[in-house]
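Novice: Let the hints inform the model, and build the full structure from the sequences given.
The working numbering puts the first residue of the sequence shown at 7, with every later residue one more than the last.
Where hints are given, some of them may not hold.
Below, in silico cross-link-like pairs of lysine to aspartate or glutamate (EDC-like), each with a Cα-Cα straight-line distance of 20 Å or less [to be verified]:
#1 Lys219 <-> Glu68
#2 Lys104 <-> Asp87
#3 Lys208 <-> Glu191
#4 Lys199 <-> Glu209
#5 Lys179 <-> Glu191
#6 Lys221 <-> Glu177
#7 Lys81 <-> Glu69
The set of hints was computed from the structure by calculation and includes no laboratory data.
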Amino acid sequence: MKKLITALSFFVLLSQNLSAQNSSELRHADYLFFLHNRFTEEMPPGAEHIEYGRSQYMEIVEEFTNAGFILMTEKRPAGTDINQYGKKITFQIDSLLKLGIPPNHITVVGISKGGYIAQIVSTLLANPNINFVFIGCFRTQDLVNLPNINYCGNIMTIYERSDEFGVSAIERKRSSKLTITRFKEIELNTGLKHGFLFRPLKEWISPTIMWGKRKYGLR
7 MKKLITALSF FVLLSQNLSA QNSSELRHAD YLFFLHNRFT EEMPPGAEHI EYGRSQYMEI
67 VEEFTNAGFI LMTEKRPAGT DINQYGKKIT FQIDSLLKLG IPPNHITVVG ISKGGYIAQI
127 VSTLLANPNI NFVFIGCFRT QDLVNLPNIN YCGNIMTIYE RSDEFGVSAI ERKRSSKLTI
187 TRFKEIELNT GLKHGFLFRP LKEWISPTIM WGKRKYGLR
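Specialist: This is how it looks when you write it as structure tokens:
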């Protein structure tokens, strides 16, 4: 089975394979949902941002597939509503759970706009055992503008010191009303501003992979 499959076909194939001889392998595999940024949503693949350089969506995807994840990702239509898309991803994860996939084998990674979708998924699922990585997607005004977001699960946040669009999410952690089983925050200092998440930098890719592999004690 290919490791990069999107939407309904993924669950049809997975359901078929879970009843086959390799069902144990699939139930113990690691599943990762990758939610990209707004620029990738609005522009053709590989488009060049005037300040941040080329959007390397496929290179990021390759890093996750090479790490052994069964990856769920797609290029969203321009103008995607974050709440509706969050419900879509929540439904897909619920489907995995009903198929017997352990929740801590499921990781949702979101960068920038995709990170806000991932936060909505965390709130809707309210499952304390699913892994989430939120990257470059919290600003202090979110506490007022997006008051209904509550972190839940094994949460890691990553932000870049020079990025005005993503700061420490400690205040969101404190305001959240659901169960946060684990929490880790990483501050990067690449000087790339919001462009740090346009490419598969090891500074955020490596800890994200480790979190998805349940290596929660990473430094």
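Novice: Compare the structure with each hint and give your call.
Specialist: Hint-by-hint comparison with the structure:
1. Distance restraint check for lysine 219 and glutamate 68: the Cα-Cα separation of roughly 16 Å lies within the 20 Å cut-off, and the hinted pair is therefore satisfied.
2. At roughly 26 Å between alpha-carbon atoms, lysine 104 and aspartate 87 are farther apart than 20 Å, so this suggested pair is violated.
3. With a CA separation close to 16 Å, the supplied pair lysine 208 and glutamate 191 stays within the 20 Å bound.
4. Under the criterion of a C-alpha separation no larger than 20 Å, the hint pairing lysine 199 with glutamate 209 is consistent with the structure, at around 14 Å.
5. Under the criterion of a C-alpha separation no larger than 20 Å, the hint pairing lysine 179 with glutamate 191 is consistent with the structure, at around 10 Å.
6. Proximity of lysine 221 to glutamate 177 is assessed by CA-CA distance (about 25 Å); at most 20 Å being required, the pair is judged violated.
7. Simply put, lysine 81 and glutamate 69 have alpha-carbon atoms about 17 Å apart, close enough for the 20 Å limit, and the pair holds.
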